[in-house]
Every structure is written in C-alpha cells, then in structure tokens.
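**Student:** Quick note: the sequence shown uses our numbering, first residue 333, plus one each step.
The set of hints was computed from the structure by calculation and includes no laboratory data.
For every residue, glycine included, the Cβ atom is placed at its ideal position computed from N, Cα and C.
Worth double-checking, as some hints may not be accurate.
To be verified - Cβ pair distances, simulated, as ranges: (1) T542 <-> A962: 21 to 29 Å; (2) T691 <-> L883: 53 to 61 Å; (3) R1002 <-> D730: 37 to 45 Å; (4) S1071 <-> V886: 48 to 56 Å; (5) G1157 <-> R563: 53 to 61 Å; (6) E712 <-> P363: 22 to 30 Å; (7) S1071 <-> G361: 42 to 50 Å; (8) G984 <-> D410: 56 to 64 Å; (9) S757 <-> S558: 18 to 26 Å; (10) S1071 <-> Y986: 54 to 62 Å; (11) G924 <-> V761: 53 to 61 Å; (12) E351 <-> K1067: 26 to 34 Å.
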Amino acid sequence: MPGLPKPAVPDGPVRTLFERLHALHHQAGWPSLREMAKEVGCSHTTVSASFSEPRVPRWGLLELIVETLGGDVAGFHDLWLAASVTGEQTPVTVPAMPRSLPPDVAGFTGRESEVAALDELLDTAAGSTAIVISALSGGGGVGKTALAVHWAHRVAERFSDGQLYVNLRGYDPEHPAKPAEALEALLRQLGDSGASIPGAVADRAARLRTLLAGKRVLLLIDNAHSAAQVRDLLPGTPGCFVVVTSRDSLPALVARHGAQRLTVGLLSLADGVSLLRRLAGPRVDAQPQAAEALVRRCARLPLAIRVAAELAVARPTDSLADLAAELASEPRPLDLLDAGDDEHTAIRSVFSWSLRHLTSADSHAFALLGEHPGQDIGLEAAAALLGVDASAARRTTDALARAHLLEERDRNRYGMHDLLRAYASEMAVPGRASARARLFEFYVDRAEAASREWLDAERGNCVAVAVAAAAESPRHTEALASALSRYLDTSGHYRDAIALDELALRAGRARQDAKAETAVLGRLGTIHRRLAEYPQALAFQEEALRGYDALGDVAGKAQVLLGIGGIEWRLGRYSDALAHLTESLTLHQEHGDRGGEAAALHNLGIVYRRLGRYNDARDHYEQALAVQVALKNEAGEAGARNNLGIVQLRLGWYPLALENFEQALSIYRRLGDRAGEGAVRNNLGETHERLGGYSEAVAQHQSALDIHQSTGYRAGHAVALRGLGVATGQLGDVKRALSYLDQAIDLSTEIGEADVRTRALIDSGLILQARGDQATAADRLKVALALAETTDNTYERARALDGLAQVTGAPEHAELAAKLFAQLGVAEAQKEQH
C-alpha cells in the first residue's frame, strides 16, 4: 500500500482526524508528498509531518492539504476543532518538529571509540541539570562533521522535539557565519521567520533559549572557529544536547560552559584501509601492503582517502602500488592552509595529484567554482560562472563529484568542503575576475525575471553574491538590492532587505547618485514600516521626500508621501496622514499614475474609516476598487475589497462584508500573498464573531496568527491576538481571553499601533467588568477613551464610553455613546435603539 505511515495516537478526535485524512489521501489516488507540497506551497517534510506525526497540524496547512486532495474543507474544519481544542474550545497550535540534520555519510567507517564516547556522554546526560555540550575537535579533513552527523542520525529518535543543524563556516576566510546569521537559521528551523525574528543578537539568543526551554532537542553546531561564535547559540535550560565541531580545541567552551572535549584524530591504519575497501572494492584485499601505503600517503585523512579511492576506481588497470608511488612523487609546495602541518601538506598533495588526472578544463573549472560565495551552487549558476552551457557544466560537475572534489547535496546543487574551497581559491588560473563578473550578471538577470520558487531556493546565494559584489562591483549589489526588493518584502525577509539596501545606499552615495540614493531611502522606509519600526521608517521616508523635492521628481515624491501617510495613520496621527495622502493623491492624478492614485485612495479610505467617516471611507474604497479592476491589478483589488468589507462590517452589512472578504481571500491565496491572506482572515474572524460563530472566529484568527508569525508582520500579529481574545472570551474561557488581549496590548504598545491598542483595552475592560473586576475594567476603559480622543477615533471613543457606562452606571456616558453610534450609523446604533 503506497500510503503514508499513520501516527500512533489513542482513540478520540485526534485519531478520527488522522484516519479521515489518510482516507482522503487514498481516495485521491495516493499523490506523492512532493506533488502535494508543490500544490500547498511548502516543503514535502512539512506535508509528511501533517500525516505522520501525532500532533494536530495548524488549520491553515491542513486546509490547503484538504483542498489539494479535493476534500470537504468544512467537514475537516469541524474535525480539526474537535481534535485541537483544550478547555473551552481553544485550538492548540503545535510547531512542526525540526529535522534539519544533513544526510548521513555514505560508507561511514570506523570511529567505534568516538561513537561509544558520545553514546556514554548522552547516557550520563539523562539526569543532568545543565545543558550538555560535546566539543569534537580535530584537524581539517579528519572527519569531524561526518562523525557528528553519523552519530546524530543514530540517536535522533531519542530527541522527541527534533534535531537542529547549523554550519558556522568558521574557517571560511571571507564568509564565516556571524552569530546573528546562525541564530536566524536556527530560529527559522524552529518556525520563526521574517520580522518575528528579533534584530539584535541578544534578543535572537533569548528567543532561541525560549523556544528550546523544556524541549528535548539535539543541536549540531558544525565548523566553529571559536567559543565566541558558539556562545549565543547555546540553549539555556537542560534537556538539550549540543555537539560542536571545530578545528580548535575550544578551551573557553570547556572552561565556561562545561563542554566535554573529544579529540577526533586520524583514522587508524586499519580503519583507513576499511574505508578504502568500501570505496575502491576488492583490489584492496588483493594488494594489502599497497593499500596501506596509499592510506599512509593520504595521512589517514578520510577526505583524502575518498579522493584517492575515486581516482583508483577511475584507473582500474593501475595497481594500488603504482598509485601510491605516483602520489609519493607529488610535489609538496608551501602549505598556505596551515604551514608546517604534515596532515594539511599531505591533503594538498592528494588534491593536486587528483586534479592532475582530470582534464585541464575540469581542473580549471574546479578552481573557478571556489569563487562562488554561497554555501552551495546551482547548475545554472555554475554554468554562468564557468562560461559554458548547462550540458557542459553538468559534465564538469559530474566529473568533479565523482572525484570527491565537489559534493552533490541536492538535485543540480553542489557544495565544496571548506579545505577544497580554500585550495581552489589559491590555484593560479586565469579568468577569475571575468568568472565572478559572469556570476554577478547571472544573479542579477535571474533575480529580475525569476519566479518565486527560484528566489526561495536562491535567496541565500543572492544575498551572498550581493555582499561579495559590494567591494569590487557595487553596481551589481545595487541591481540585486533593487531586483530582490519586492520579493524580500512580500516574503517577509525584511532583515535581508535591510542588509542589501544599506549596501546599495552606501554604493549610491559613493557614486554621488542622488536618484539611486533616494530610491533606496524610500525602500528602507517601507521595510522598517513592515517591521513596525515606525520612527526609523518615518526618518527614511522624510529623507527620501527631501531627495525627491531636490530632484524635482514628482512621481517619486507622490510615492513617498503615500508611505509617510501610511506610517502616520498607523501611529494614530490621522490629521497629518490625511494631509499627506491628499497631496499624494493629487500628485498621482496630475502625473497620470493610476496605480498610485488607487493606492492613495485606498489609504485615504483607511484614515476616513479610523475617523468614523464611513461614507467617505466607502466612497474612496469603491473608487480604489474601480481603478484596480480597470488596471487588472489583482493584489490591489483584493486590498480594496478587504477594506471595503471592513466598512461594511462596521455598518452591520455582514453578507456584503463576507462576500468581499471571501473574494479578497481567494485572490490573495491565488497570488501567494501571505500577509494579505492573514489580514483577510482576521476580518473574517471578526465577522463570524459578530454573527455568533465564535469557534469559526477562533479558527480564522488562529490561521491569521500563524501566517503573521511566519511572515513577521507584527501589526497583523497584534490584530490576531486581539481577535482571539474576543472570540475565546465569548466561548467562556476568560483566563485565556485576557491573556490574548494582554499580549495584544503589549505588542501594539511596543510597535505604536494605536488602533489595536485602543480596541484591545476596551475588549479586556468589558471582560473584566463581566467578571466583576470593576476597578481594573474602569482603568482600562479610561485609558482607551483617552487614546481614542487623542487620535480622534470616534468609533472606539463610543465603544469606550459605552463600556464605562456599564462599569460606572453613568447615564451621561451611555447617552454620549448612543449619540456617537447613531452619528456613525454603525451596527451598535441599532442595538442601542432596541
């Protein structure tokens, strides 16, 4: 039966959910994980976990899987609610267990004593009250990573919460991983992404410790240069087991963190011969003395033995004795990797010897491939770097992979051991500068025209190439920053966007190119707004405004005014926003920019809505919608429908609101716009809450929360928390409701989202009042009232007054609230009349 393994779970709602899911998979004809993952838009590992792990997947993911398989989404949603609730119908969100180890090493041989030592350390760590760290130290090429990865796979099942891996590239002379970069990689493996990852190293380290607290996780930190590179990556509580590999003995890690050092030496002669036998076959047994001589010539280093073994396989008519003698005659030039180190001198001899038996073209290609700054390289990028077509590049990479000078890590993706990369970079070959120029051009060209799938796969390389180009070819850095800006923005890779734009800004200023500089300032303002870093965002946008004024660039000025107004309404500065957005609208209309006109109309609609001028808001949204439809701008249409639906929701026109929200959701999902989808789901949640569908409201807000946490959109995150608080409160779980609302208040206060903070204060005040805590309820409602009056938010002012009337019994509050609701024409006015 081709079906997936079922998780071992007891009878009950969870088991029912999984049985129905597997039955649906059967009915659909057992489509493969990769097929489903492509349709769903995530990794096949994530899809597999949804079928096989005894944990309820998040609804957003399960919904996409059910749709892909042609199932009954509504029916599965009911099953999901039953399986994932605790207490009073509150869904539980469980992150997927990370499994990030590299593949086990093929043909792993020997190391019995080292494996036994690691086993013993793990066994004795079971009752430890501190984190346990094993530091595997040894020379380059000795097989530390192979040992660590092999052992980690042997014991992976003992770590119920997953396995994490990060390569610090500690001995890469140009691109060692910084602690911030390594922390981001680990946090992404644990489910964080985008702006949900803090910016400061200390905050990222604290976030990692929080996520690992109480967990049973294996953390493999590979290729560290020093204890300083490792320190911020360590968990803070017992339960995790850390393995660190390094060429350094890491005395500070031993002294300060109690690491247990395990030195990984050369292979024994017997183990070296066994490895050679595995790779080169029965010739080894027929020529035992020659085999031992060859292993000795390889300094008993696994990497060198693998390279030599492949050469032996490629020359089946030569005896091992001839090969050993030939290697013995290989010149040993000054060892630039580690002067005076016999093992490194030997490994360089093996590399040189192996390369002499390649074609001159393949040897030259090996040297050039060391120029790639990323951790791996795709076949097309390799072709560009080498200046050949894809077929020729494949022949070359296949030849180098057979010789163990290149490693195929995935289909059409290759990597190099750091010693091989260092050796390649030292080879005296012509054409390095032109090769790098071709590589830079390739990434710029592809980034400008690439699909999202390609960008997802190549993002790390694009960023690495942009950084590498900054010193020698800053125009390529600027071009990459511009080409990637839209993708990095919509996919939530905000820190990468800032890093590239800061490099581009320096390049533009160095060239005294005011136009380029001003464009980058505007982009930086947008990204900092995404991060809810509003003061920085406003400073960048205002500097860009001065730049566009100086340039006389009306179109650029109109766009920046749009950005400034968007920041101001988020800060509750509605009068300022109204002025800047009105000017932006006028300039866009005069310039004939219909897309900019629609965006300005849209943002003006938001301001009018916040001011309680719902007729004006509806008019602007409808104008924006008409323009977007005429322009066939689906993303713009979805945004206009979403915000038009909010006005309709406030006015109590629930069927119309639902219709617009559903249409917007369909568009956003078709476009893969996660931030847009999250915003609509929050609005759907509020609509269902108004209609009394509290469980559905919880599901929608939970899906929105999952999305906004993954993309790092903190404003949407705060809205989702507020919605979850209201809906769970209606379901009777007061404690959890107040927890959600307190989180919403804290987050909205931190980022300066005045509207969300005001609403959450009112909502929590009403719950506290119903629970009998009149004093705290009154305090929160008074703060909310003051905020609403400061920002001129009439609707929330009315809500705060209505809440205070319930707490204090003051008729003047009730009368004013009723009057304001009636002026606004909102749904609450009808309730007041009844």
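**Student:** 48 to 56 Å was suggested as the range; check whether the CB atoms of S1071 and V886 agree with it.
**Tutor:** Check passed, 50 Å falls within 48 to 56 Å.
**Student:** Between the beta carbons of S1071 and Y986, is the distance compatible with 54 to 62 Å?
**Tutor:** 28 Å, violated
**Student:** If you check the beta carbons of S757 and S558, does the distance land in 18 to 26 Å?
**Tutor:** 22 Å, holds
**Student:** Is 56 to 64 Å right for how far apart the beta carbons of G984 and D410 are?
**Tutor:** 28 Å, violated
**Student:** Looking only at beta-carbon atoms, does the pair G924, V761 fall within the given range of 53 to 61 Å?
**Tutor:** 54 Å, holds
**Student:** For S1071 and G361, compare the CB-CB distance with the range 42 to 50 Å and indicate the outcome.
**Tutor:** With a Cβ separation near 44 Å, S1071 and G361 satisfy 42 to 50 Å, so the hint holds.
**Student:** Please test the hint of 53 to 61 Å on the beta carbon pair from G1157 and R563.
**Tutor:** Given about 60 Å between the Cβ atoms, the range holds.
**Student:** Is it true that T691 and L883 lie within 53 to 61 Å of each other by Cβ?
**Tutor:** 54 Å, holds
**Student:** Taking the CB of E351 and the CB of K1067, does the distance hold inside 26 to 34 Å?
**Tutor:** Holds: the Cβ-Cβ distance is about 33 Å, inside 26 to 34 Å.
**Student:** For the pair T542 and A962, does the Cβ-Cβ distance stay inside 21 to 29 Å?
**Tutor:** 49 Å, violated
**Student:** Should the hint that R1002 and D730 are 37 to 45 Å apart at their CB atoms be regarded as holding?
**Tutor:** 39 Å, holds
**Student:** Could you tell me whether the CB distance from E712 to P363 stays inside 22 to 30 Å?
**Tutor:** About 28 Å separates the Cβ atoms of E712 and P363, which means 22 to 30 Å holds.
Consistency with the previously given hints fails for numbers 1, 8, 10, ordered from lowest to highest.
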